[in-house]
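Chemist: Counting from 177, one number per residue, gives the positions in the sequence shown under the working numbering.
Worth flagging that the hints you see were computed from the coordinates, not collected in a lab. Cβ atoms here follow ideal geometry from the backbone N, Cα and C, with glycine treated the same way. Hints should not be assumed to be uniformly reliable.
As the list claims (entries may be wrong) - Straight-line alpha carbon distances no greater than 27 Å define the calculated DSS-like cross-link-like pairs of lysine-lysine that follow: (1) K688 / K669; (2) K669 / K596; (3) K510 / K422; (4) K351 / K669; (5) K451 / K315; (6) K422 / K382; (7) K613 / K596; (8) K461 / K214; (9) K541 / K650; (10) K382 / K685; (11) K461 / K272.
Said to hold, decoys possible - Ranges between beta-carbon positions, derived for each pair: (12) P469 / L593: 46 to 54 Å; (13) F384 / F414: 47 to 55 Å; (14) L593 / D340: 31 to 39 Å; (15) H534 / I671: 41 to 49 Å; (16) K451 / K351: 32 to 40 Å.
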Amino acid sequence: MVLLSNQGDYYTNAVIICFIALSVILWFNWVFKKPKKKNPPLPPGPRGLPLIGNLLSLEPNLPSCLAKLSKPFGPIIKINIGTRLCIVINSASVAKQVLKDHDTIFANRDISAVAYAGSFGGTDLVWSPLGDHWRMLRKICVRELLSNSRLDSLYDHRRNEVRDMVNKIYSENCKPLNIGDQIFLAMFSVMSNMMWGGTLQGEEKKHFTAEFREVLESLIPLIMAPNISDLFPVLAMFDIQGLARKMKNINRWFATKFDFVIDRRLGMNDQDEKKDFLQVLLQFKEYGDQKTPFTTTHIKGLFLDMLGAGTKSSSSTVEWAMSELLIQPELMRKAQEELEQVVGMDNIVEESHCPKLHFLNAIVKETLRLHPVGPLLVPRCPSESCIIGGYMVPKGAKIFVNGWAIQRDPAYWNKPLEFKPERFLGSDNEYDFIGSKHSYIPFGSGRRVCVGIPMAERMIPYLLGTLLHSFNWKMPEGTTVDLSETFGLELRKTIPLIAIPTPRLSNQKLYK
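Construct all of the structure, not just a fragment, from the sequences and the given hints.
Modeler: In structure tokens:
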């Protein structure tokens with residue numbers, strides 16, 4: 177009996193010891209081991225195929241296509257283009273998280289192989305990553321080239337080219353004109369004059385303008401073509417389609433032309449008297465901040481940004497505005513009545529008139545809402561993983577902010593598909609071009625907002641106001657305005673606008 181009693185005590189003690197040991201282990205595990213937090217999932221999105229992802233679901237009009245793909249899933253979706261993970265933002269509230277709340281993380285660009293080859297190795301302002309180099313380029317543009325004082329000093333350059341455009345249209349004697357062509361040529365002359373003044377003149381300037389436009393148009397197929405190097409980055413070194421090689425050849429053409437202009441300027445004796453961009457940049461190269469080197473390549477990169485983006489964006493916007501006004505001629509008449517009140521019929525439109533032309537500026541804003549120049553902004557790439565809209569956005573993903581969809585979102589806009597400039601009138605209108613309200617981001621927002629806004633704010637109303645003040649416009653007999661869009665370097669009209677101008681001003685001297 178004693179033996180059995182001892183055995184019972186032994187088992188009882190063993191159970192107690194095991195229980196105490198297990199309790200201690202569980203206590204230590206509870207105190208010292210924090211439970212792992214489960215990471216949020218990736219955004220939802222349509223299923224793709226192995227290897228090629230959602231590539232076959234994409235359409236040429238990418239902004240519209242991405243908006244349609246997003247409808248079943250919400251304001252932020254995931255798609256795979258080849259092996260690249262892409263995140264698409266389709267609402268203002270989520271865009272704010274990317275463009276403002278986590279601006280630093282999303283400040284870098286996602287540069288394609290073709291863009292890298294065509295931008296002097298990504299050393300221009302558009303594609304440079306966030307850092308000292310980018311800050312230097314932005315500082316030069318904002319403080320030196322596109323400051324109000326610099327733009328004011330170069331007004332005569334802009335005015336002369338706009339008056340030359342009016343004279344050319346007038347001399348056509350009411351023949352049908354391609355409005356986009358007229359504005360492109362005027363804007364190119366404006367930009368080149370501001371950049372290097374009279375360094376090129378006469379036939380030399382005319383030939384360069386024609387060549388530039390031809391080369392610029394040749395960029396579009398290269399940029400828009402699906403590139404294996406981007407779809408499958410591991411194959412980028414092989415440049416299988418040869419797109420990067422072709423872009424490098426085009427980039428060499430630009431470099432050669434810009435070198436010619438720079439060398440011509442350096443050979444002139446009156447350099448110090450020039451006020452144009454080139455002289456400012458040459459002086460900065462010689463006397464600027466030596467901590468961050470500024471080279472001739474940087475000058476050429478800035479020239480390419482300004483000529484390419486500045487010329488195409490302004491000409492496209494004016495063409496879209498004229499298209500909408502020809503569809504609604506009562507809006508054109510209202511704008512012309514405002515011009516008569518502010519400018520008069522015995523004067524020409526000056527840039528100084530534009531801030532007083534409230535309805536005209538509302539037309540410009542509404543045009544950029546429905547037809548934004550950069551409908552997907554410039555793709556971004558997060559420098560670290562980040563939670564956006566409740567979902568995990570991994571480091572290195574390609575980010576599309578779909579401004580085209582956001583600016584047509586009925587949650588923010590009444591009758592969003594209608595062209596209604598009146599929505600931008602009134603003291604309560606807080607929409608601006610710098611993206612303060614993320615439901616209106618035609619030029620982006622945050623630290624990577626377009627630096628060309630001061631130029632666009634001047635030139636687009638000035639050009640549009642001049643066309644409306646100097647001429648009445650109508651469509652050729654038997655034709656209508658087509659608003660079909662083509663996604664390319666900018667959101668442009670698929671079918672160019674052809675319209676007939678008729679002089680409005682009785683004083684013929686105002687057309688000279």
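Chemist: Which hint numbers does the structure go against, in order from smallest to largest?
Modeler: Hints 1, 3, 8, 11, 13 and 15 not satisfied by this model.
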